[in-house]
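There are 2 protein chains.
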Amino acid sequence: MTSTTQTTSKVMDSIEAHFDDSVARLQAILRVPSISTDPAHVDDVRAAAEWFGREFEHLGFSCEVVDTPGHPMVFAERKAPSDDAPTVLYYGHYDVQPADPLDQWNSPPFDPVIVDDANGGRIVARGAVDDKGQVMTFIEAFRAWIDATGDIPVGVKVMLEGEEESGSESLEGFLDAFKDRLAADVCVVSDTGMWNAETPAITTMLRGMVYLEAEVRGPGHDLHSGMYGGAIANPANVLSRIIGSLHRDDGSVAVPHFYDGVADPPQRILDQWRDLGFDEASFLSSAEISTATGGETGRTILERTWSRPTIDVNGIHGGYTGAGAKTIIPATCSAKISCRLVPGQDPERIEASLKAFIEAAIPEGCSVKFVSHGANPAVVVPADSPWLAAATAGLAEAYDTPAAIIGSGGSIPAVGDIQSKLGIDALLVGFGLDDDRVHSPNEKFDLRCLRGGIRSHAGMIGAFADRPRH
Amino acid sequence: MTSTTQTTSKVMDSIEAHFDDSVARLQAILRVPSISTDPAHVDDVRAAAEWFGREFEHLGFSCEVVDTPGHPMVFAERKAPSDDAPTVLYYGHYDVQPADPLDQWNSPPFDPVIVDDANGGRIVARGAVDDKGQVMTFIEAFRAWIDATGDIPVGVKVMLEGEEESGSESLEGFLDAFKDRLAADVCVVSDTGMWNAETPAITTMLRGMVYLEAEVRGPGHDLHSGMYGGAIANPANVLSRIIGSLHRDDGSVAVPHFYDGVADPPQRILDQWRDLGFDEASFLSSAEISTATGGETGRTILERTWSRPTIDVNGIHGGYTGAGAKTIIPATCSAKISCRLVPGQDPERIEASLKAFIEAAIPEGCSVKFVSHGANPAVVVPADSPWLAAATAGLAEAYDTPAAIIGSGGSIPAVGDIQSKLGIDALLVGFGLDDDRVHSPNEKFDLRCLRGGIRSHAGMIGAFADRPRH
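Which chain is which? The protein sequence lines are A and B, in order.
Heads up: the first sequence at position 431 corresponds to 430 in numbering that gives the first Met the number 0, and the numbers run straight through without jumps.
Heads up: the second sequence at position 247 corresponds to 246 in numbering that gives the first Met the number 0, and the numbers run straight through without jumps.
Just so you know, the hints here were simulated from the structure itself, not pulled from any lab data.
Among the hints, a few may not be true.
[Said to hold, decoys possible] Footprint (simulated), chain B over chain A, 3 or more residues, beta carbon under 8 Å: (1) 215-221; (2) 242-249; (3) 311-319.
[Unchecked claim] Straight-line Cα separation of at most 25 Å, SDA-like style, residue types lysine to any residue; simulated pairs: (4) K354/B - A322/A; (5) K368/A - R240/B; (6) K368/B - G250/A; (7) K368/B - K78/A; (8) K354/A - R240/B; (9) K354/A - G323/B; (10) K368/B - K354/A; (11) K354/B - A253/B; (12) K368/A - A253/B; (13) K420/B - A389/B; (14) K368/A - F257/A; (15) K354/B - P440/A; (16) K368/A - G250/B; (17) K78/B - A147/B; (18) K368/A - S289/B; (19) K368/A - T148/B; (20) K420/B - E63/B; (21) K368/A - D248/B; (22) K178/B - D82/B; (23) K420/B - E171/B; (24) K354/B - G323/A; (25) K78/A - G364/A; (26) K354/B - G243/A; (27) K368/B - P440/A; (28) K368/A - G323/B.
Think of the CB as a built atom: it goes at the ideal place given N, C-alpha and C, for glycine as much as any other residue.
Here chain A stands alone, though its shape is the one from the complex:
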């Protein structure tokens, strides 16, 4: 035990000694606008993949930037130092969300700046925490182990996706093709949040997603609302009416079969969540809103965001949206609509039910066209996994407060696929905070979280190495 403690201490010292370099490397990759959903940025996405490839080669990994039907996948590998050391597969993504609305950023989204604050500073840029900053936490932990001890005490495989923010269309094919090379004992994913700045967290529930774009078409061109108003179905009114009918007055979803298979979490889990002491005021403050009136009535915020499915409009557009007034009946109106799914819901069936619900409400003379932007199930990580215990022990090397076992309302398509295709548990250990403005203008990552994340991964690597391979 003394030897392990001494080793871990040397690794932690290396992290502290080179932390400024870690920050500089994160800034370098944040300068690449790898927006995967926007075809205009296809070269930037590849440039980000290649940047990570070079990082892994510097660290002595073998690495490939693998072409897919969409954006490339980064696959890197470093053999275990001995046959009885386990192998850990790390997953993250190097693509980012679009940066708009650009005028709400205080600094350019791809020109990362360090802003001083009461918490020891933060790095502000698109992707700062989601997910480039989190990917760097484990890469910097690898670097520290090599620097302090000459090696990493476990086998490491890394898979970095370039389509996490745009539906992960190529992931399944990649997992099938690389199944044997991805073989590992456990998977570690860094794309979630801490409980708070002092309390690390391991997320054991994630929502899935169905993302659909619906375009309602009516007349062949925009019409004068005086000459045609009252005669012709207005696609903007039609689509609004359909969206309005997605929910009942009590906030529940009215789409038939939407709740098929949905169950409440066990009372034990609900009790655990209640004991977390959820800070509603801070949650509301992070959203800059005075009260939480979304979703189903009669359930707590944690229940609603962690264990209940939702339907949200992510964008809607139709007709004249410039300055002033224009009196038209628009020819088309379209909305991006996404459902967050919970365990028990089948993504394909939900997508089919939603389409059928919308189609049934389209009046004669109008039509609807759908574009699917992905469908993936929710996941649950077993709370009794021995790797979860090891991760908890590793986090104790970096934080005084024990790790909280929590859920998350977000979706990471890869996790369900990794669990089902590779047959291994996925540990969701991330270092974001609620006020990180993920997917929003002025996204940031606290430097204390970057440092704590690197230290946590270093600690977890030590704890994993202590576990014999099963």
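Fit chain B to the known structure of chain A by using the hints.
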């Protein structure tokens, strides 16, 4: 009578001899992008006003381009040749609708082109018919009378507005300030349509309008739909639900007090409308739609568009509307919503009822902000006006088919104000066709309608001159 016929014939000859010049002048003014609703075009709007001012000066009118709180008003005047000749006030507007969506135009909207077709050609540009082309029909008629006879046999006053497409905010103040100088025996407005290409029309009913922009605000910034979905009210869902609730299942409007004061037209009028032989197939074809499912069930299309009030969304925008998927709860969502009003509805009360209806549906945590883009009542022109008989006689000089007496679903804010403030009848005699794509890409004006409009105004001037001043 022989002398009158000979005079009219000389005027008509002048129109034919110089028709190419008339087309060229219309092209010149169509090149000025006088989009009144868009602040970026404020100088273009003024340039258009000044162009018309110069035209009137060339024709020997005294003319002023009058500043208002908004865009300028063009006022031109030419004294009656004798004390017993009546004075006619002409109204039109020189501003135009925005041209977007630009990618749907076959030629640039402000680069007017003559397209050959089976109907003798058409001029394609924003404003071709609404309303620059129609304004030119009476200006060219003035020119032809002067060219053929050395004078115009009636007193002429002209008032050209620059805010018709953006709410006519300055009109009332102008009418008050210029009330005495605008004094006339009758007003002629050219901003409506013919019954069909062979049948001129005098419109005796016009709908009014209330135009409101509603912006729903929720969280202070766009939120991650995973972390907040199910907890926070989504402004796009909220606004869609409100819009969806504006109508009942039978297509009627659900806003309280919306139908207060609304009555069906007298059976005599309804019978007249039925006898017009409305061509539904051609109406639907002009809208490029297969069936007319908008508005209230159990009423004909003419009833719905001429005599029933409506609510239409003219534009809606919120959240991410770029390519691909972005998983946010938008901070705001806004819609441009306009009501077409019929006689009996009070615009101020309708606007207040609509605002109250929307406000009542805003959930806690969200708020709504309104911008008003105008409110004006519907108008009815008395069917027994002697000026209507004179106009009918004048139109018979230009067309073989007698004029139809019709309604219109459109709104011309000026007409109600002119009637109430100046105390004179307004004759709505316009030369548009249903397929003119008014307010849409590829707006056009048939050259046969331009020619017929000029000849009609020339004929009406002759008929008005035959009437003694009352």
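Quick rundown of the hints versus the structure:
| no. | hint | result |
| --- | --- | --- |
| 1 | 215-221 | holds (count 5) |
| 2 | 242-249 | holds (count 5) |
| 3 | 311-319 | holds (count 9) |
| 4 | K354/B - A322/A | holds, 20 Å |
| 5 | K368/A - R240/B | holds, 21 Å |
| 6 | K368/B - G250/A | holds, 24 Å |
| 7 | K368/B - K78/A | violated, 61 Å |
| 8 | K354/A - R240/B | holds, 18 Å |
| 9 | K354/A - G323/B | holds, 18 Å |
| 10 | K368/B - K354/A | violated, 33 Å |
| 11 | K354/B - A253/B | holds, 13 Å |
| 12 | K368/A - A253/B | violated, 29 Å |
| 13 | K420/B - A389/B | holds, 23 Å |
| 14 | K368/A - F257/A | holds, 21 Å |
| 15 | K354/B - P440/A | violated, 31 Å |
| 16 | K368/A - G250/B | holds, 24 Å |
| 17 | K78/B - A147/B | holds, 18 Å |
| 18 | K368/A - S289/B | holds, 17 Å |
| 19 | K368/A - T148/B | violated, 62 Å |
| 20 | K420/B - E63/B | holds, 21 Å |
| 21 | K368/A - D248/B | holds, 23 Å |
| 22 | K178/B - D82/B | holds, 20 Å |
| 23 | K420/B - E171/B | holds, 9 Å |
| 24 | K354/B - G323/A | holds, 18 Å |
| 25 | K78/A - G364/A | violated, 63 Å |
| 26 | K354/B - G243/A | holds, 18 Å |
| 27 | K368/B - P440/A | holds, 23 Å |
| 28 | K368/A - G323/B | holds, 15 Å |
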